[in-house]
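For the record, the sequence lines run as chains U and A.
In terms of the UniProt record's numbering, the first sequence opens at residue 1 and continues consecutively.
In terms of the UniProt record's numbering, the second sequence opens at residue 1 and continues consecutively.
Just so you know, these hints were derived from the structure itself, not from any lab.
Keep in mind the model is a prediction, meaning the values are calculated, not measured.
Just so you know, not all the hints are guaranteed correct.
Where chain A lies over chain U, by a calculated footprint (3+ residues, C-beta under 8 angstroms) [as the list claims (entries may be wrong)]: (1) 130–138; (2) 211–219; (3) 246–254; (4) 382–390.
Glycine included, each C-beta is placed from N, C-alpha and C at the ideal position.
2 protein chains.
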Amino acid sequence: MGAGVAGLVAARVLARAGRDVVVLEARPRVGGRLFNAELPDGQPIEVGGQWVGPTQRQVHALLRELGLTTHPTHMDGSHIVEFAGRRATYTGRVPRLSPPALADIAQAQFRLDRLAATVPTGAPWAARRARRLDEQTFATWMRRNTATRSARAFLTLVVQSVFAAEPADLSALWACHYLAAAGGLDALIETRGGAQQDRIVGGSQRIADALAAELGDRVRLGRPVTEIAWTDDAVRVDGVAARRAVIAVPPPLAGRIRYAPGLPGDRDQLTQRMPMGRVVKVNVVYAEPFWRGDGLSGQANGDRRAVGTVFDNSPPGGTPGVLVAFLEGRHADTASRLSPRDRRRLVLADLAAYFGPRAADPVAFIEHDWADEEYSRGCYGAFTAPSTLTRFGPALRAPIGPLHWAGTETATRWTGYIDGAVESGRRAAHEILREESA
Amino acid sequence: MGAGVAGLVAARVLARAGRDVVVLEARPRVGGRLFNAELPDGQPIEVGGQWVGPTQRQVHALLRELGLTTHPTHMDGSHIVEFAGRRATYTGRVPRLSPPALADIAQAQFRLDRLAATVPTGAPWAARRARRLDEQTFATWMRRNTATRSARAFLTLVVQSVFAAEPADLSALWACHYLAAAGGLDALIETRGGAQQDRIVGGSQRIADALAAELGDRVRLGRPVTEIAWTDDAVRVDGVAARRAVIAVPPPLAGRIRYAPGLPGDRDQLTQRMPMGRVVKVNVVYAEPFWRGDGLSGQANGDRRAVGTVFDNSPPGGTPGVLVAFLEGRHADTASRLSPRDRRRLVLADLAAYFGPRAADPVAFIEHDWADEEYSRGCYGAFTAPSTLTRFGPALRAPIGPLHWAGTETATRWTGYIDGAVESGRRAAHEILREESA
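Just chain U, with the same shape it has in the complex:
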């Protein structure tokens, strides 16, 4: 159940293998964390996950099969960076920071990538230093492995923008596992060559829409699953009887389903310890992408603003202009507690500080608070608190009787991304096909 990409991919693989499948989805729509809203002129705009990167082979293969295409994230022009109270613009990869800060960031990244390379992506709990890494938060790792405040501010911004979490939320082992699954830090944070390189023409939710169209009336919307009854070889969910089930929702939500009989302690403890990140994503719409005329790319980062990350999120045609502003981790906490009016004021003030006064006067303001969504309860994904992967990690994917687990959090490559969702759906479906043919 769950008509996000993972659940739909699993259903598609099973349906193509001739199995009877039903996809139960709580929401009145498919897509899960992929969600297209509309700009004032009717064009789609992504309020959920939206990017794909060049090394994400599973999602690219799926896009080709579905006949969907991508367009590059707009990044021509200078990027803005505000760091330690100083504002700079830069082009290319490396912002203009002080040489000691750059050196410290470079060595921290070197250490992190080297460490991540020791983490087996399918089994981070088996890494050589797994226990040591899992007993500390990533904030602790940062303190031990950086010399400057700037490097810590940089890594904090990275964690916020990659996980929508704070460095202190994450097990250092989960951070390394995530890096390993993506192929290194640059792959996660870069636009050109990295995870933010491309967008889906028509918006990312089209992936789910296309999968659902293929599955037809096998997809049942508005069917929240609250209880799953199971035996060794049968499952009954919300009136549907089946031989097996794929639970394709984030671990904390999977943990909220009532299982009869109840699941083993290991699995339950795991789901108690995998919270979701928190992000408020805001697409701010202007008649034109005015920043382009100023020689700016629309990309901005700041270590002291609620809006830590901004991208040009205009449609491929370039009109209207859209800046997408992310409030992540603690910034999402603060922003969520504000009235809509004050939150709008906060976001527009930050955008004006980055892009000048025209940014304060948008034609539309499309915000989405993912922690308030009953069937996501956060974004971008779930992570593990310290001591979770080493104690309960194998329970992330291990089937329990007829119950199989999918969702991007269970992926071994590009965990947390659309690509990981595709991998996980395929893997769960093949588990079932293998078991059923045995």
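Take the given structure of chain U and dock chain A to it, following the hints.
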């Protein structure tokens, strides 16, 4: 809802104030984490929480009101300690360890108590160093604040026996908050003068039984709450309509209830980040308490055994003899994965190592795996992962519309103990009385 001590106390206060109350309890019994089983001769034996300490004023006041009495935990004779591969016996407070180890433990305890004294028990997130403490695990704190392996092994054993968790599970701020709420480390770990000083005659579940008897048919058993519909001034739960509700279950279980409308992000994120500890509690029964004849108290601790803590848990009369063996944290993980037969073998081997070969031949073996209990999902209580108290702490107690939160995790004194449950029930009831009279 929830007919543990917190829920029953809340209902009693409200009923005595003339309010209509109904207590919905999922289990077929009251008591929650307090649970009496029977020894072979029919005497009660506690398989859940069992001890009360002298500074726990709320529970003592309740015991008096209910006409219940206590008896001291048996501790005459020598205690056994196995530490760093060396076995020793001792009487009184301090085990015979090497002087450097003792000095290091003493200074670690001094630092910890001093730190805990800076944490306001009602608002740990407001402590002077709150953010710094909350960004690290207690394992990290231990590494930074001890010089010897022995001190770390000692503190690990303390964490296992106090929280049924590993040092790496806990936010260091939660550990300090817990200490502060108890009045210091000694208050938590001591028998005489501390939290393990006394037991309830008839077993601890009698507290809940007595409260339930007073409430009569207001207590409805076998009614698991899966959904709570609410408005600003009304609640509907499982067919019961009310003006307000007290949710008196551990935070992770409260998070699994479906609320309509859904709860704010802060509250939801909090419950995603408060996992339960894990313990398998085993009462091992012998014809007689043979260890007493050997001059032993029955109390044993070891840093390298699955059974890290043992107490004499015989009934007040001293017959039969009962040793209670705790498998906590990682040891509970390992033990839970064994077959019942292998788990029994493991526990008896450890008891025989502590108390000699007679310990390997019990007349009964009464084990309880709290992580497998659908309506507890762990014990002794929930704790916060790093970065949780400072981000979401106030959501622990803050009412949401007509929804009030109780349970020992919400207490400001003796959090995690029966005493804290009593406090929390009273506090929630008085919140309601105050609001209803306003």
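In terms of beta carbon proximity below 8 angstroms, does the region 246–254 of chain U have 3 or more residues touching chain A?
-> Violated, because only 1 residues of the region 246–254 of chain U bring their Cβ atoms closer than 8 angstroms to Cβ atoms of chain A.
Three residues minimum, CB to CB under 8 angstroms: does the region 382–390 of chain U make the cut for coverage by chain A? Let me know.
-> It holds, with 3 qualifying residues against the three required.
8 angstroms C-beta criterion, at least three residues: is the region 211–219 of chain U covered by chain A | Coverage by chain A is violated here, the residue count being 0 at a Cβ distance below 8 angstroms.
Verify the coverage statement for the region 130–138 of chain U against chain A, using a C-beta to C-beta distance below 8 angstroms and requiring 3 or more qualifying residues.
-> It holds: at least three residues are needed, and the region 130–138 of chain U offers 4 whose Cβ sits within less than 8 angstroms of chain A.
Against the hints set out earlier in the document, violations occur for numbers 2 and 3.
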